[in-house]
Structures are given as structure tokens and as C-alpha cells.
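Take these sequences, add in the hints, and give me the full structure.
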Amino acid sequence: MTIIATQSLTKTYGGGVTALSELTVDVEAGVIGLVGANGAGKSTFIKIMLGLTAPTSGDVRVFGLDPVTETDQVRARVGYMPENDCLPPDVSAAEFVTHLGRLSGLPRTAARERASEALRHVGLYEERYRQIGGYSTGMKQRVKLAQALVHDPDLLLLDEPTNGLDPAGRDAMLNLVHRIGNEFGISVVVCSHLLGEVERICDSLIAIEGGRLLRADRISAMTAASDVLAVEVSEGTDELAEALAQLQLTVSREGRLLLVPLSAESDYDAVVRAVAELDLPLHRLDQRRHRVAELFTAKEKADV
Amino acid sequence: MSDAGVIHDIGYQRYEGPRLGRTAVFGAIYQHGLRASFGLGRSAKAKIFPWLVAGIVLLVAVINAAVKAQANIVLFDYFSFDDTMSWLVIFFVAIVAPELVSRDMRSGVLPLYFSRPLRAFDYIGAKFAALATAVFLLLGVPQLIMFLGGAFTTKKGASGVWNEFLDLLPGWGYSVLWAVLFASISLLVASITGKRAFAAGGIVAVFLMTTPVVGVLSILPSSTSQHLAGLASPMSLLAGVQGWLRGQNSMDLDIGDFGVIYGIELFCLVAAAMLLLLARYRKVASL
Numbered sequence: 002m003t004i005i006a007t008q009s010l011t012k013t014y015g016g017g018v019t020a021l022s023e024l025t026v027d028v029e030a031g032v033i034g035l036v037g038a039n040g041a042g043k044s045t046f047i048k049i050m051l052g053l054t055a056p057t058s059g060d061v062r063v064f065g066l067d068p069v070t071e072t073d074q075v076r077a078r079v080g081y082m083p084e085n086d087c088l089p090p091d092v093s094a095a096e097f098v099t100h101l102g103r104l105s106g107l108p109r110t111a112a113r114e115r116a117s118e119a120l121r122h123v124g125l126y127e128e129r130y131r132q133i134g135g136y137s138t139g140m141k142q143r144v145k146l147a148q149a150l151v152h153d154p155d156l157l158l159l160d161e162p163t164n165g166l167d168p169a170g171r172d173a174m175l176n177l178v179h180r181i182g183n184e185f186g187i188s189v190v191v192c193s194h195l196l197g198e199v200e201r202i203c204d205s206l207i208a209i210e211g212g213r214l215l216r217a218d219r220i221s222a223m224t225a226a227s228d229v230l231a232v233e234v235s236e237g238t239d240e241l242a243e244a245l246a247q248l249q250l251t252v253s254r255e256g257r258l259l260l261v262p263l264s265a266e267s268d269y270d271a272v273v274r275a276v277a278e279l280d281l282p283l284h285r286l287d288q289r290r291h292r293v294a295e296l297f298t299a300k301e302k303a304d305v
Numbered sequence: 007m008s009d010a011g012v013i014h015d016i017g018y019q020r021y022e023g024p025r026l027g028r029t030a031v032f033g034a035i036y037q038h039g040l041r042a043s044f045g046l047g048r049s050a051k052a053k054i055f056p057w058l059v060a061g062i063v064l065l066v067a068v069i070n071a072a073v074k075a076q077a078n079i080v081l082f083d084y085f086s087f088d089d090t091m092s093w094l095v096i097f098f099v100a101i102v103a104p105e106l107v108s109r110d111m112r113s114g115v116l117p118l119y120f121s122r123p124l125r126a127f128d129y130i131g132a133k134f135a136a137l138a139t140a141v142f143l144l145l146g147v148p149q150l151i152m153f154l155g156g157a158f159t160t161k162k163g164a165s166g167v168w169n170e171f172l173d174l175l176p177g178w179g180y181s182v183l184w185a186v187l188f189a190s191i192s193l194l195v196a197s198i199t200g201k202r203a204f205a206a207g208g209i210v211a212v213f214l215m216t217t218p219v220v221g222v223l224s225i226l227p228s229s230t231s232q233h234l235a236g237l238a239s240p241m242s243l244l245a246g247v248q249g250w251l252r253g254q255n256s257m258d259l260d261i262g263d264f265g266v267i268y269g270i271e272l273f274c275l276v277a278a279a280m281l282l283l284l285a286r287y288r289k290v291a292s293l
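Sequence order for the protein chains is A and B.
Residue numbering for the first sequence follows our numbering, starting at 2 and increasing by one per position.
Residue numbering for the second sequence follows our numbering, starting at 7 and increasing by one per position.
Treat the hints as calculated values from the structure; they're not laboratory data.
Note that CB positions come from ideal geometry on N, CA and C, so glycine has one too.
Stretches of chain A that chain B covers, calculated by requiring three or more beta carbons in the stretch to come under 8 Å of a beta carbon on chain B:
id : segment
1  : 47-55
2  : 78-87
3  : 92-104
4  : 114-128
5  : 148-157
Within a straight-line C-alpha distance of at most 27 Å, the following computed BS3-like cross-link-like pairs (lysine-lysine) qualify:
id : chain 1 : residue 1 : chain 2 : residue 2
6  : B       : LYS162    : B       : LYS74
7  : B       : LYS289    : B       : LYS201
8  : A       : LYS141    : B       : LYS201
9  : B       : LYS51     : A       : LYS141
10 : B       : LYS53     : A       : LYS141
11 : B       : LYS201    : B       : LYS53
12 : B       : LYS51     : B       : LYS201
13 : B       : LYS74     : B       : LYS161
This is how it looks when you write it as C-alpha cells:
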């Protein structure tokens, strides 16, 4: 099922800044990663989907509805978690989420029930009667997620949900997002500039840069081609590069590192064997956590 | 943070119940704002000031009613009560208006509001209605107490009560004008900044700085300038409107034949403040 469809969507701000240009993409239900560097147009895309700002040209449909003209229907079915701090410090989470539930059109008692449900699902239960000002960053992120869930949307738009979290909190948040996408039956768009964390939980990925669509694909198709092994030896880098080239591996250099794209599983062993045979002092051998930037540079080279 | 390892597995329930429209959302913001005006649902600290002001105003009303009943001395009538309480009303809106709008701006909660099915108009309309109601309650409830005091001690039976009630109604009407004007101006000032202290200072400044202007204009030798002097400050503007509608006013303001100008200015001031607020929040709502 297609939940978001855009047709050459373009947004130009006054002053000639192009935030989105000719973006055409069809998004299937599921957990979707929206990746791009800062300023790539992710937030603008979200604002357009929420009907907060109208596109300059082109067309966008969310659940087949036009956010510009059918704003209220779209917003009733979409939950939004902004990137920035957006919680008042002097109310309790339960009261805050209840209030926002009512603003989404839930009757009072329903709002209260759904608020405690949503807070329970994000893992806040006993703490929900405490004032938000006393919460840790991780708890605040959970409250932000709960307020997006309170009106039972069909689509969640999460802008950098792991912002400011420690590794454990990051994992917990990602697991939660994964659960929402797979067990709750709610589609999720996760904005991030960290491909590494998005690829763990997403079914598909949309990569944008400078407002242009870079790639939109299933996650499996996208990461297979971009796995890279970084090898560093303290001497004999040239010899190793030569040896690897003879093994039909494409080797590129980055400073003192050799980067070897892994196209098959045996490649990893082949690299290790080559190092052993040349008897080189191995410093580092690591399978790269991809950052979006790398994906982008790889793609741009291919374009040239 | 609760332990991520704890399994809460009652499963996710979809919501099948009704989803109400914008009217209900307006009502929710209004109710929330009215409660917040008096610090209800907030910390004890947030309750201190509104209730302090309300307490003083109530006390004055009670004393007024008691003095009138015992000694038959009228300290204030329903109109001069509002004028006399003007300082307290100013302080009240200076605290409450920032509480209603600056706070939302400061905490960045507005994106959460405006990503829901409501518009800038709903938001600002509900906040305005909430503050105006709060100011009206601040003045109207003490007036009611004064009325009760007068009604229970009247020596003329039912007709005395009725006469007292006929005095109360225009007094309430005057309080409504106070509520509308003070709510619109103070919300406009408060919406400029997210810093509560600046907003409160700004509101007090706007209301108090204008009073000396009235003083200066009213001693100018031109009678026109004396008649129009009251236009310069919200408090004397309201007294002027009272003079226009009632033929006399409780501030001894001489408005000559210019009463209608006071009425027009009141209307324009409120309308302009609301339009500016709307324009401001249109911009904020698009994030």
C-alpha cells in the first residue's frame, strides 16, 4: 500500500533557497528511513506532509489526501515528533499528553485513557505523574513519542528520534520505533542523518541531498552494495593494494586506509588471507558503519 | 527511565472512538487556558499570584459591601470598582497573559499544537477567550458579591433587589469591556517574546506609561485636547466609553461630545490587536 506519493515536489523559499527540487517518490507502508545531511530538505518534506507549508509546485498525497486542501484529515491520521525540545517543564507527562490528545479531537476521557496507554507503550508508567522538567533526555524523547501516538495515527513522522540519547537510550528508542512499525501496525517515517541506526530498523530508505532524491529503495538493496572493509597496515600498504587488485577486488585509498567494497562474503576472508600471506603488520580491520555522507559520495562518483 | 527490558505486553489497541472537530479543540484550549489563568493544574507557585490578586479584589468587594450595609456609605459603585482595581487588573494580565502564550513559545510546544487539526485562529481565539473570561471573573465575581451584599440588606424588598440588579448589569457590561480590551492588548504584547519576565514588564509598561500622557493632554489649554485626552490610555479610554454609553463616568473624565470616538477607538484597538495576533501566529504556525 502506498502511503506517501509525491510527484516532482518542489519547494522554494523566498530568497531563492531551494529546499526540495523535483522530488518524485512513492513510499510503501512500513518503517521508512528518511536520510540526508543537515539541510538536505528532510524537515521541509515533513512540513509539507503535515500541511504546515505548501509546496511551490508539484504534488503530494498522504493516504491519497492532499495536505494542502485536506489538512485536517491528514493531520488526524499523522503523528509528528519534532526534533527540538518541545515540552513544557512544569506539567506532568500524563497531563501534557492528555491535553495534546484532546487537541487531536479525542473526547476528554478517551484522551486520558489513550495518554496513559501511549505513555505505557513508550515505557513511562510510574513516572508519568511527575513534572516533565525533572525528566532525563531519554524520558523526554519518550514523552515526545507518546504525544505523537496518543491519537492513534496511521503514520508517524519522527524527526531525529535518537537525538541526544546515549547508546543504550538510542537502542531502546530504535527498538521502540521498530515495535511501533511492526507490532502496532503504524507506518513510521524516521528522519536521521545516521544511516547506521536507520538501516537496523527500516524496511526501506529514502536518501535525499540538496532537496533532490538520491535513492529510494528497500534497505536490503541499498546496503548490500555499500558495505566497505577498511584495512590499515603500518607498512606495505602499496603491496597489499596490489595483491588485492590481483584478487579482482576494487581497492581505493583514503589516507593510510585501504577501502575494499565487499560484494561477496568470501571477500572478507580473501582480504584477511592476503594480509597474512604478505606477513604485514595489521593495524586495523573494520567493517565500516556507513554514514550517509559516504553513500552520497559513492553515488556522486558513479554519476560522473 | 523505566527499564527497557521490562516487557509490557498488553498489546497496542487501535482507537475506534469518535474524533471531534475544531470546535471541541477550541473548547479544549479555552478550558486549559482558563484553568492555567488561575494556576489550576499547575504547581503551587503558579497559583500564588493570580489568587493573591483575586483575594485582594474579593476582599475589597466584601469590605465595600459590608461598609455599605453597616454605615450606608458607598465606597465604590460597580463602575468605579473596576477603575479602582485597574492596577490589580494590569498586574493580573501581566502575569497571566505570558503564562498563556509566552510559555508555549518558550517551551517550543507550538509545533505540536500546529501539527494537529487546529489553526492559528483557533489557538489565538481560544487563548483570548480564556484570558478575557479570567479578567471578567476577576472583576465580575466581586461585583456579584457587592450585589449580594446590597440585595440582602436592602430595605425596599423585591424592588430594592431589582434596582440593585439593574445597577449590576451595566457594571458587568463595563467589566466585559475591561476584559476584552485588557486581554487583547496583553496577549499581543506577550506574543512578541517567549521570555515571561520581558512579556510581563512589557504589558505593565504599555498600560502604565500611557497614563501620564493622559495627564499631560488633559491640562493643555485646548478643550478638544482635554476631551480627547482619555484616548491615550486604555483605562481612561474605557472610562470614556462608559461616559459615552452612560452619560457619566466614574473617573471624572470630561469627554465632551467625543464619546463616539472613544467607542470607535475601543473597537479598533481590540480588532487591530486580534488581527496582529492572528498574523503573528499564522507565521508561527507554519513553523
